[in-house]
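Enquirer: Using the supplied hints, reconstruct the complex from the two chains, each of which is provided in its own coordinate frame.
Chains as they are written, first to last, in our numbering: chain A, 851 to 1009; chain B, 7 to 237.
Among the clues, some could well be false.
[Stated by the list, open to error] Subject to a maximum C-alpha distance of 20 Å in a straight line, what follows is the list of computed PhoX-like cross-link-like pairs (lysine-lysine):
| # | chain 1 | residue 1 | chain 2 | residue 2 |
| --- | --- | --- | --- | --- |
| 1 | B | 224 | B | 77 |
| 2 | B | 166 | B | 183 |
| 3 | B | 145 | B | 224 |
| 4 | A | 856 | B | 149 |
| 5 | B | 224 | B | 166 |
| 6 | B | 77 | A | 852 |
| 7 | B | 77 | A | 856 |
| 8 | B | 145 | A | 854 |
| 9 | B | 149 | B | 77 |
| 10 | B | 145 | B | 77 |
| 11 | A | 854 | B | 149 |
| 12 | B | 8 | B | 224 |
| 13 | A | 852 | B | 149 |
| 14 | B | 77 | A | 854 |
What the hints contain is simulated information worked out from the structure, not anything from laboratory work.
As the structure is a computational prediction, the values presented were derived from the model and not from experiment.
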Amino acid sequence: MKRKHKRLTFVAIGLLALGVATALILTAFEDSIVFFYSPTQMIEQDVPPDRRLRLGGLVEENSVARTDNSGFVRFKVTDMVHSTPVVYEGILPDLFREGQGVVAEGRLIDGVFRADEVLAKHDENYMPPEVADALKESGKWEEFKGAMTQGDPSAMPAN
Amino acid sequence: MKLSRMLLPWAGGLTLLLGIAGLWFALFDSPPDYQQGETVRIMYVHVPAAWMSLFCYVVMAISAGVGLIWKHPVADVAAKGSAPIGAAFTIVTLISGAFWGKPMWGKWWVWDARLTAELVLLFLYLGYIALIHAFDDPKRGLKAGAVLALVGLINVPIIKFSVDWWTTMHQPASVVKMGGPAIDASMMVPLLLMAFAFKAYYIYVLLLRMRAEVTAGKVRALRLRQAHGAV
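The following block holds chain B by itself, in its conformation from the complex (with noise of 0.2 Å):
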């Protein structure tokens, strides 16, 4: 709790400073692409997005992993709160993403196989969210939970990878691939500005989160003191 108070205004001021700078060279001062023209930018947020909709479940499901096997409680807060903020990660990833597919592809989704994998990847994170609360015991919730988001660990690396192994729609990565990015340095530098203030953003929505669960719990704690001293 102490170091996450310490922490917290720090991952805030990150966040604005960063999404702010990273915002001004992703809309005004960085160049059109030569193909695809402003539209370009769109890649300035779905881009740090997407790697965030897999950052926050890699975290998601260790998390729950240390939760299941060391009976860690503050783990078992971190994949849980890690859980929504994966999920709108993600939701943003499948729209910006669809606004760029209709004017550049012709289409706003195709069933290929990185654009599926996304979608299975939301579809993870709902169901996580759902099971952890479909019980009343919450531990038996958490413990469920847990072994979802390990068995669906499985599809970061199809994710990652799914341009690659296949032929798809999707264009294969830009940034992390064999022989140096093919993205232009004048690109780059928004791109990545972005990247770390989506990541920054992150750190500060989970510390709150974090904060906030573990502050549910003690005041349910107390409140059951309370009703058992009343008795």
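Here chain A stands alone, though its shape is the one from the complex (with noise of 0.2 Å):
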């Protein structure tokens, strides 16, 4: 065996070796690599109250209330199986609308998610504005954004 070839050998069986470690690493440490938790995983995991997580989907269709006199905003996070009321005082990001993906930075307590703060997630979803109005007349907004969010794991996460 020349010289050369030991070097290629000894990279690429390095290369190998070093993905499959970094491939073992990063499943087991899955979760505390995502940065949100659906609303069905909230459920499911039973979180202590003390803890600090965060919570993503999109904001229900029609809860958001914003309470008179306070600067509280009431609304709520689904995933399209689960969903949970969040309340969170504060100013809210521009991208904040209802049907739209958000992130949510809080404690659970008593099945509501008291939240700190507030961020607006944007989808893969590239438009101009006529394009979008007419998809929404035509009556394919339904359609088109079912089929996104089918799509996409971050927005919907399966489990």
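Expert: If you want it as structure tokens, here you go:
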């Protein structure tokens, strides 16, 4: 075996081993790499109330309610299977809308998620307003959105 | 050297042409987004820069690997030349992303898988640059750097697929995805123009850097010979 062949084999085996090791590590730490949990995951995992975590999903249609004379906002975050009520005091980001993705950070206390930070999540769709309007007019909007969220694991986690 | 002299004006011209056309479309002749409004225009810089940050790294790691295994001097020069360009693209990605994240998400930076992995990529570039210059014997530096570049290669698929494997703040892929792009044609044109402009820019600067490196090597050799001749 020539020296350069030896080096090639060495590098190839090294990279392969590294790949396998990384895959194992990433799988093992999956829970801490995910940025947020869906409402369903929150219910299933029975999280302790003192643990800070992030809740992600879509803001449920017609669920946003602002309480008068206070900065509190109530809304529901849904993954189309379960939804979690959220209470938040503060300024909402521009992109915060019903039907749009959102990530809230806070604690889950007695089934209500008390958020101290709300971030708007943007999805992967880019289009001019006219196209969006045309889709809505032709009634294709729901179909389009549905197809999009189904193919998008982060907007709507499967489990 | 001859090939690079021939390619240089082409790469430079293409960069200018595509860059001007891309910027024209990106800034003036493309619609605002239905959700993001005018802020969508940051994407035309951010996304090509992010693609290039990965592309440069792959080129750098493969060149470094070829240099390590087959001891090809041009490969070493290509790896060494790619590193700062890739690092610059990574910085552009991170900064333009922050400018987009503040108005859209509400935060400059979040520690999700995509953003963190891209930051690690920057450190890999900087580590490689520091490592190849850390030895008195440049050959040893390149060797150590090549090992780092190859090990860091594992980060590239992590960045690309981070948005599919885990829940992230960053949105999933819009262009290269199953079921076709989720981006309107009117926005795809400037995006692709900018992407090719960035690629041509990379080729241009890489060729310049490689020529400079080869010339510097020649100058070193001449000086050495002169010094020996003088003794």
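Enquirer: Against the structure shown, which of the earlier numbered hints fail to hold, in ascending order?
Expert: Failing hint: just 5.
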